[in-house]
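Dock chains V, Z and W against the given chain P, drawing on the hints supplied.
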Amino acid sequence: MARKEYAFYPGCSSQKGASSSNYLTSVQSMCKTLDIGLTEIPDWNCCGASIGYAEGGELPRLALSGRNLALAEKHLPGLDVVATCAACWLGTREAKERLEHSDILLRDTQIALQEAGLNITVIPEVRHMAEVLIEDFGYDALTKPVTKGLDGLKFAGYVGCQTNRPFGIDGESYENPKYLDKLVESLGGEAVKYDQKVTCCGGALAFSEPEKAHAQIKDIVESAYDGGADMIVTPCPLCQANVELYQGAINKKYGTKFNIPVLYYSQVMAVAYGSSAKEAALNGNVIRAKQLEALAGK
Amino acid sequence: MTSIVATNQTILVVGGGIAGMTAALEAAETGKQVVLVEKNPWLGGRTAQLYRYFPKMCHPTCGLEINLRRLKANPRIQVLTMAEVTEITGTAGDYSVNVTLSPRYVNSKCTACGDCSKAVSTEIADAFNYNLGKVKAAYLPHDMAYPQRYVLDPSIIGTADAEAAKAACKVDAIDLDQQTETLNLRAGAIVWATGWQPYAAEKITPYRYGEFKNVITNVEFERLADPHGPTRGKILRPSDGKEAKNVAFIQCAGSRDENHLRHCSRFCCMASLKQTHYVQEAFGDEGKSTIYYIDIRAIDRFEDFYQKVKANPNVSFVKSKVARISEDKNGDPRLWGVNTEGYKRYSEPHDLVVLAVGMEPAVKGMAIPAALSEGIAADSSGFLAMNGNTGVFGAGCATNALDVNRAVQSATAAALRAIQVVNQVARAEN
Amino acid sequence: MSANNTAMAVRYKNNFLKELEDQAEMGEWIKMCMQCGVCAGSCPTNFHPGWDHPPQEIFMMVRAGRREEVLTSNSMWMCTSCYNCYVRCPRKLPITHIMHGIANYAHRLGVAPKLQPTRNFGKIFWNNAAKTGRVNEVMLTVDLYFRNAEGKFDLMAGIKKALEMQSIAIGLVKAGRLNPLELFGGHKCKDQKGIQAMLKKARELEETRKALKAA
Amino acid sequence: MSATMAEKKHAAYICSGCELGARLDVAALVKTATKDGKMPLVREHAFLCSAEGVAMIQNDIDNEGVTHAAICACSRRSKTEAFNFPATAVSRGNLREGVIWVRPDTEEARETTQEMAEDYVRMACAEVKAMSVPSGNPNVGGSKTLLVVGGGISGMTSALEAAKAGYKVVLVEKTGALGGWAAQNYKRIPTREPFKNPEDTGVADMVSRIAADANITVYLNATVTKTAGAPGRFKADITVESGSTVTEDAGAIIQASGFTLYDANKLPHLGYGASPDVVDQGGLETLAKVANGGAIKRPSDGKEVKSVVFVQCAGQRDTTGEHLEYCSGYCCNVSVKQAMYFKDSNPDVETVVLYTDLRLPGNGEDFYRSAQNKGVIFSKAKVSAVAANGNGLIVNFKDLILDEDTQAQADLVVLATGSVPTSGPDLDALNAAVVASESKNAEIKAEADIQVEKLRAKSVLNLTYRQGPDIPHFKHGFNDSHFICFPYETRRTAIYAAGPVRRPMDMLQAMEDATGAAMKAIQAVENAGLGKAAHPRAGDLSFPNVRLEGCTQCKRCTVECPFGAIDEDERRFPLFNESRCRRCGTCMGACPVRVISFENYSVNTVGSQIKAINVPDEFENKPRILILACENDAYPALDMAGMNRHDYSAFVRVIPVRCLGSVNTIWITDALNSGFDGIMLMGCKHGEQYQCHFVKGSELGRYRLSKVGDTLKGMGLEEERVFDTEVAITDIVTLPQRINDYAAQLEAMGPSPMKGF
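Chains as they are written, first to last, in the numbering used here: chain P, 1 to 298; chain V, 1001 to 1430; chain Z, 2001 to 2215; chain W, 3001 to 3757.
Chain P extracted, bound-state conformation:
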């Protein structure tokens, strides 16, 4: 298969030393195997994230995403923009929709973009990495490179919110999307049945309303355990961080004994494709995925 090229939008949390830097590392290993070419959008900026609404307002947020889109169009013409972060993808895709459906917003955004010496003519497609894997490759193609099948490992595919709603992956239902399960299965792993697959992790409220967020995270982890999962796998940096990092706090508060690893699909794929633990950035997990590390070590 010919190498596939994309304009890459890594997002702030993927940067070196940032909270989902391990996501980026594993994505790069995964792409190497699948021969995916990711060219970073030059000088990309923050998407504004959902929480940006409070201070940002509508147009400034559109300008932020507009700038990324303009840069992609200018420097990487004809390439789809691919994001790995759920929030980056959603924010940028929402911007695309609004700009395409409102002349006023487009006009105003253009005026703002001029201040940064940019403008938009054709807005590129905005896609999430999971979409790319499923639509441009397909599960069978993703099975081919597997050298270390995940046989015997049980995963709770935690889809969460923003890769699922409001856009979601084509053909999936909001309530029970199956793409992570299928992904895991195509790597030889077992996807457990559990009912908190799309429950919100609390998102940014993990910072401002910890109790509420913790309560939700507790439901998620609990049902992953009930489902018999060895680890949780997710496509979203904030989901990963929230569900992984607060298990300790939740144990304190609720007297639970949670200690379940939370990984990115890209880490799991990298391991299945034969990458080392380091290449799969397994060392980037606060709760170590010992089984995966063992498999990677083989």
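By construction, these hints were calculated from the structure, which means they are not laboratory data. Just so we're clear, the structure is a prediction, and the values are computed from it rather than from any experiment. Please note that the accuracy of each hint is not assured.
The following label-pair restraints were derived from C-beta to C-beta distances [as the list claims (entries may be wrong)]: (1) Z/N2015 - W/D3405: 36 to 44 Å; (2) V/D1094 - Z/E2028: 46 to 54 Å; (3) P/G78 - V/T1086: 46 to 54 Å; (4) W/S3439 - V/R1427: 41 to 49 Å; (5) W/G3021 - V/D1177: 24 to 32 Å; (6) W/G3021 - V/G1133: 30 to 38 Å; (7) P/G149 - V/E1163: 42 to 50 Å; (8) V/K1213 - W/P3753: 56 to 64 Å; (9) P/N119 - W/E3199: 42 to 50 Å; (10) V/G1133 - W/L3548: 55 to 63 Å.
Where a beta carbon is used, it is the ideal one built from N, C-alpha and C, also for glycine.
Below, chains V, Z and W alone, put in the same frame as chain P:
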């Protein structure tokens, strides 16, 4: 080869549900020649699959018996079952229609004695009971099926079962060589009464129909309550056969929803109010019903029916569109939402959930023959709307979301519109 | 209450629905709600435990002209942007965005609850990102923990919070996902000037557009 | 050549197919038909419903002169296409569903099963002998004109649709112009995509089409002062303002007399009367017509309305008993429409609709969305009071969503009061008054006379029928049908209600309804002309014959006829109007001297079957139970019990009857006298939720038969020997149980002492 006598003064009625039967009978009892086409192997349509009617709580099969007697007594109606209209050409007063007949593999010699059924071992899903049960692959669709003739399911043709059925028939009624055939016939006017289908509940993903066994639809609940149904009238929930004494009814399951059906289906509120009676009838004061609704649409004379149900201490009402359903470990569906009358949160388990699914016109998405679409256009919900000068007339639930009573009125009106056309033809020819 | 707030209240003669239609993002959708309540039941933060007013009730309050109650409510600030309400609404209202819009408007008028933590975090986040074009997670944490709602530096509060979060922080540092050095610089965009100018312009345009409506 | 003129020849045909041959001794049955049935010609066939079997019978009819055939095979409900011999009298002995399918296939059961079969053969032979092929009602009328009473949307629609089908119409309107309520409206609820805006009423167009239609004769300022006759031959006196009267012939009648708005004066707490700025929906239409698209001004001071509140369900859906119990169905749509009048002329007008349940079925949802989009505000609320407040109004209500008592200011308040049908007097009240007016007590009489006067004044049709001048009311005074499957069935043959007089409805529904009513009316004139019955025995050519010489003028038939078919002549003899008759046989059941009969259904056709049943003596331990079963519900239920092989007692003998109302007590006494141990009467539910398709038939029958108690005592028999059980067509499981329980009960009681007398 089936033979049909039809002229440009014949009225073709498409659909043998209560609307189609009514249009056909009213026209025939006024002296007109009628050809009635039905795609099922039996007449009666969805009303035949109901246990009781609101608001009288009487039985649809009672009216069906009368209509069948009217039909048997009337030589002017020719009935084609397992038949579908595949093409219409021509104009008002002179249509040419192609009707495709699927093989029944049983001819008119059949006495409905049931020997073939005994001989066959294969079982298939029981379509009449919305697939809640199974039937033999040689079956009489239901006790009041007309024509009163057995049907062989295509799946056994060419198997030993089919031969066994043939061998068991003492009156040589089984004809395994029957083929699909296409008839061409003339008609002066056409009544389009293809009815409705329950909205596909699995599309309402938050309710997990198809995933949670104890989430069923209102039409399925009718079969559970009916003595002719798969449980012989006992209200048992699918997952474990436990008596469903605590039943939730979710209104507007699909209706009034721009993600699903943009219209209000009109009958569902009354249907659920009626079905609370089934729960009461089965379990007395142990039977509890809860209706989750947006607006209770017990329109005109039906209001007092609503008031009576409301007065029943075993029935409660929650003004809320249920947000989602989860499943408890014991299989109980749990409803999540907010009672909007004063903001009260709930997370309620029930034995069984009945989705009051709405009405989708059967014509929706159906390839409407060209000549028909000239005369009739579909509205944004897919219902047929009259459109100028034509010899084709919609009737019943093909034209709007109607209850039985209104569907019959609509069909009676459609019969007159068809008669106006053939009378013009007659006047022109004399 | 801010002067701007009183001005708006006067301008719209307490036709609060109209006010939000003009001034709040997606406000023109509020009138289309049919009070089914599916949004309220779909909100994840609504069950752990509940809060003042679910979206459908907020919309009803808007129609009833209960302006101050709505603008000072912390309900909108409970949104996690999970989009459950958004995808389930039978009237296809973009409820997530409407709630954001109302919150943002209350914030702009300066009538949103002062100590509302989400409001506070949102503000910190935006300023953090807007400053260099990229989020500096360390500064974000510091601002969140070491500054009070008025933005004043508060060492004691900061240390207390930091201690609570210690184990998490250490874990992250070990995992290479938290770099204390970011306190001194860290990631940023090259064209910060351009970004600043762009955002300034965008804000101006938005304010004039809304002012025109109020005019 | 009809069977009555030709010489009678009887034949019996016995089928041995469908296991009958294996389960029964068919040779013996042939003997029974010949010996006991006294059939000159008896044939057995292995597959009687086959082409060959049918050809055999047809050949006998054509070449052997067979005029009466007793076909002993399956149920009369099966194989109707095969056993279809129009010119021949046919009876059916139900040996399959009625015998072998309800009996176990065992040796010990064989004898009783055979006896059962033999009785059914005897009964079929006896019945066919007693019947003849109906020759049709000679007393037919020839008029195919339709009389339409009421010139509103409904009446105009009926007239136009009937005319379009080629029928003449006489249209009578009491006011000076056509159009009715619709003509008073500014616009109407949308009837087509996109269902977003009010539409033109279309009244003007209809009026001009009527004027241009040669088939339609219109009488304005006119009322129907007298309607005599029957379907096919009605004579209607139409009196116009001047007092002059014209008499028109009509074959059928459509009553489209419409409705009036519920009187808002009964709602003082909602401010009506207290302020001119509180109007009902009619009042608002008038204001809107004046404004004609411009700003709507309020009545009190002509000020432009800047704020309006609509109060739904005003005096409707009332549970206190003071106001209307029902919902009028259309008012939500109308308020949405009227709110748009304001928004469309000026978007800044505050328009609030206060409702408890919004009822906008079908595409009404689009209309609702459109109104919201135009800025109309809807609040779920209970309104407690409307009061004047300075030079405005104040509406007090409980907001059910925000759960608080609150109020709204308004320049104008519109009350959705709903509709009351113009459906003529309540006949029960009228008849009661008439009875009272015959009182000897002068006071009572005087009062009653006034009452009669008042009620008669309300009459729409002024029928000369013995049972009253109009169509009997259904619930809430509407002239609706009680049947869900048959919405047009009134209790007066060939007189159909159309529009809001039947049920509250909007214009679109009224037009659909009126078109259907025209269909039924046309059908009625066609069938009346042929002497055929109307629904539910449509096409039946039989009709009641009465031997007046035997009549005792007891009036039972005239009083009981559920359809008011029988009047009384000047000598007080019953005067049958055959084309009004539905052939239920209630008159026949009611007649104490048994002078009423049908050619194919009579005291004799059933009585002779009862006599034909072999009743063993008390020593044989073989009780006999007679079942008289309603042919529409109980008999099919028994058939289906058979199809499902639910066994029941071998001692029962079932005779289908047209209706429990047609059961004559002589059948009961004859059966008891001849030693039957018990009798089961199976009829439909009666009372408010009656399911009898002859309306009162089962109720009258039950009442009549409840009186046999005395007869039983007289004979020294226990009351339990006659058992009345209500049956629905779905009772396929419970019915056999009930039969067996009853059989057991009789067994316990011991044999009837009447045996062997």
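Hint by hint, work out which the structure violates, then give me just those numbers in ascending order.
-> Hints 1 and 4 not satisfied by this model.
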